[in-house]
Amino acid sequence: MSSYFEIIRAGINTTFQDDGRKNLYHIGIPFSGAMDKRNYILANSLVGNRIDKPVIEFAYQGPLIKYRGDKINFVITGDVKFKLIKNKNEIDGNCYESYTIEDGDQIDIISTNKSVYGYLAISGEFDLKFQWGSCSINTKANIGSNKGQKLQSSQKIEIQNINQNQIKKKLNYINTRIEKIRVIKGTNFDYFSNEGKKIFFEKEFIVSKLSDRMGMRLEGPYIENIAETNIRSEGLIKGVIQVPADGNPIIMLSDHGTIGGYPKIGVIISADYDKLVQLSSGSKLKFQEVELTDAETLFKLYEMETQNLISQII
Amino acid sequence: MIKNISNLGDAALYCDFGKEVNKETNSKVIKYFKTLKEKKVKGIINLTPSYNKLIISFDLKKVNYREVKKIVENLDVKEIQSEFSKKIEIPVCCIESFSLDIERLEKKLSLSRDNIYENFFNKEYFCYMTGFIAGMPFLGDLDKNMRTNRLETPRVKVPKGSVGLTEQFTNIYTFESPGGWNIIGNTPLEIFDSLKIDSPNLISPGDTVIFKQISLKDYKNYNE
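These protein sequences, in sequence, are chains S and C. According to this note's numbering, the residues represented by the first sequence are 1 to 314, in order. According to this note's numbering, the residues represented by the second sequence are 315 to 538, in order.
Please keep in mind that the hints were generated in silico from the structure rather than gathered at the bench. Fair warning: there could be bad hints in the mix.
[Unchecked claim] Cut-off 27 Å, straight-line C-alpha distance, at most; resulting in silico cross-link-like pairs (BS3-like, lysine-lysine):
#: 1; chain 1: C; residue 1: 474; chain 2: S; residue 2: 147
#: 2; chain 1: S; residue 1: 22; chain 2: C; residue 2: 384
#: 3; chain 1: C; residue 1: 317; chain 2: S; residue 2: 140
#: 4; chain 1: C; residue 1: 342; chain 2: S; residue 2: 22
#: 5; chain 1: S; residue 1: 22; chain 2: C; residue 2: 375
#: 6; chain 1: C; residue 1: 458; chain 2: S; residue 2: 22
#: 7; chain 1: C; residue 1: 474; chain 2: S; residue 2: 185
#: 8; chain 1: S; residue 1: 37; chain 2: C; residue 2: 375
#: 9; chain 1: C; residue 1: 384; chain 2: S; residue 2: 129
#: 10; chain 1: C; residue 1: 351; chain 2: S; residue 2: 22
#: 11; chain 1: S; residue 1: 114; chain 2: S; residue 2: 169
#: 12; chain 1: C; residue 1: 375; chain 2: S; residue 2: 300
#: 13; chain 1: S; residue 1: 83; chain 2: S; residue 2: 169
#: 14; chain 1: S; residue 1: 209; chain 2: S; residue 2: 140
#: 15; chain 1: S; residue 1: 114; chain 2: S; residue 2: 81
#: 16; chain 1: S; residue 1: 300; chain 2: C; residue 2: 384
#: 17; chain 1: C; residue 1: 376; chain 2: S; residue 2: 37
#: 18; chain 1: C; residue 1: 354; chain 2: S; residue 2: 300
#: 19; chain 1: C; residue 1: 351; chain 2: C; residue 2: 317
#: 20; chain 1: S; residue 1: 37; chain 2: S; residue 2: 150
#: 21; chain 1: S; residue 1: 53; chain 2: C; residue 2: 356
#: 22; chain 1: S; residue 1: 209; chain 2: C; residue 2: 471
#: 23; chain 1: S; residue 1: 53; chain 2: C; residue 2: 376
#: 24; chain 1: S; residue 1: 156; chain 2: S; residue 2: 129
#: 25; chain 1: S; residue 1: 180; chain 2: S; residue 2: 286
#: 26; chain 1: C; residue 1: 317; chain 2: S; residue 2: 185
#: 27; chain 1: S; residue 1: 37; chain 2: C; residue 2: 356
#: 28; chain 1: C; residue 1: 333; chain 2: S; residue 2: 185
The whole structure should be built from the sequences, with the hints applied where relevant.
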């Protein structure tokens, strides 16, 4: 019997994501991939998959899914409120704990709690088309599986290669939230006035509604530019904080345009990227300066922590 | 050849080739880009050449800034072989409904539309970089009398295939996209084809481009 997910309600921005695409910036194709890498890796680990397998990523409100087929395990990671519906019995689900579902069961991913992204992984494989070695959907460029579009209501997603030896797994972990984001000074840091620099590192900024997988817009006190508000267009990477003429910072996220022409005041350190993307609209954040060598150490620690979490799965 | 190398965050090198934006500076950027691309250096995951910069991003799990910087500083940069760079002809139709900003250009440049087209089609252009959206080429240089600013208010949707002008550059919108360039015409040619996995973009940095004006009839017949 064939196994599949039937999407009853698609959610706000539900896509397939994996580790992303490499070596394509020079032709204008961004990295994409799961926004919160740690939760992506944990999702795969908790259903016994290789850590780079495709998962379903959702933002704010997730999908309502009806399952058809043979027994399968699934897990949800992040900070997510969801229910499992079995024969009209509703069970409140816990993140980081895998559950077994069978024919006719439903998963209702109601919403993320004070965060943006959550992940759904299964102990099997979604039947997806890969583009440049990745299933990751970039809805702005229509690249990736599902014709580069977010999941739609009433569509079916075929599932194959269900793991026959699946066991339920669990991890005791609470997805913490941070509001202090560490940055390294950007290549145009000196374009900004002393007052502007001070504001950048001392004042609070608020995550705007106009944030998505491409970028996070911030609102806050005006950051004064005393040199040029435009630079020659040049490459961008994820985590770069650009400040256009209006003085409001924009942080480049995983689906960002590959080239940009606004001054770069800073770059988010790699260790804080997963936490940054989880700041929902309306959240407050502050920037803190760190040096390159400290950023490198912090990233090593962050990676060790992730490995530790994987080893704590029971 | 690189004037200065610094770090862009903790996982990228920012290579500055100098302030000048011209073919000579850009050729140096492209040489480094092509050499590094061919060399397949461990840990490097993306290379982004632009007018006068090259950004090299790497996997911080595998390498760090100092290691990659050392590799770049000691790189044996090759001359670009002629087969690396192509000459490409792009057909462009300039009827009114494609030439969205021709009136604006006439005013801004104080030239008649015939003069504008004649000047535009009578030149070879050099591809400085591709990107922003997938496959979009940034070509130059326009003659001095053909240079003007972006639209004051960018369009929400620029049609796919549109050919735009801004300052010393001309570009091609490979997808429908927001944008503020002055649109002079439209090409029926597919500039970016995601089904061509190995080389989805028709035009690469270092290539030469010439535009050829075509009629609406030729435009319509182009893909048949």
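Hint check results:
no., hint, in the structure
1, C:474 - S:147, "holds, 18 Å"
2, S:22 - C:384, "holds, 22 Å"
3, C:317 - S:140, "violated, 35 Å"
4, C:342 - S:22, "holds, 23 Å"
5, S:22 - C:375, "holds, 15 Å"
6, C:458 - S:22, "violated, 38 Å"
7, C:474 - S:185, "violated, 37 Å"
8, S:37 - C:375, "holds, 13 Å"
9, C:384 - S:129, "violated, 39 Å"
10, C:351 - S:22, "holds, 12 Å"
11, S:114 - S:169, "holds, 25 Å"
12, C:375 - S:300, "holds, 8 Å"
13, S:83 - S:169, "holds, 18 Å"
14, S:209 - S:140, "holds, 18 Å"
15, S:114 - S:81, "holds, 11 Å"
16, S:300 - C:384, "holds, 21 Å"
17, C:376 - S:37, "holds, 16 Å"
18, C:354 - S:300, "holds, 24 Å"
19, C:351 - C:317, "holds, 20 Å"
20, S:37 - S:150, "holds, 19 Å"
21, S:53 - C:356, "holds, 23 Å"
22, S:209 - C:471, "holds, 22 Å"
23, S:53 - C:376, "holds, 20 Å"
24, S:156 - S:129, "holds, 14 Å"
25, S:180 - S:286, "holds, 5 Å"
26, C:317 - S:185, "holds, 20 Å"
27, S:37 - C:356, "holds, 21 Å"
28, C:333 - S:185, "holds, 21 Å"
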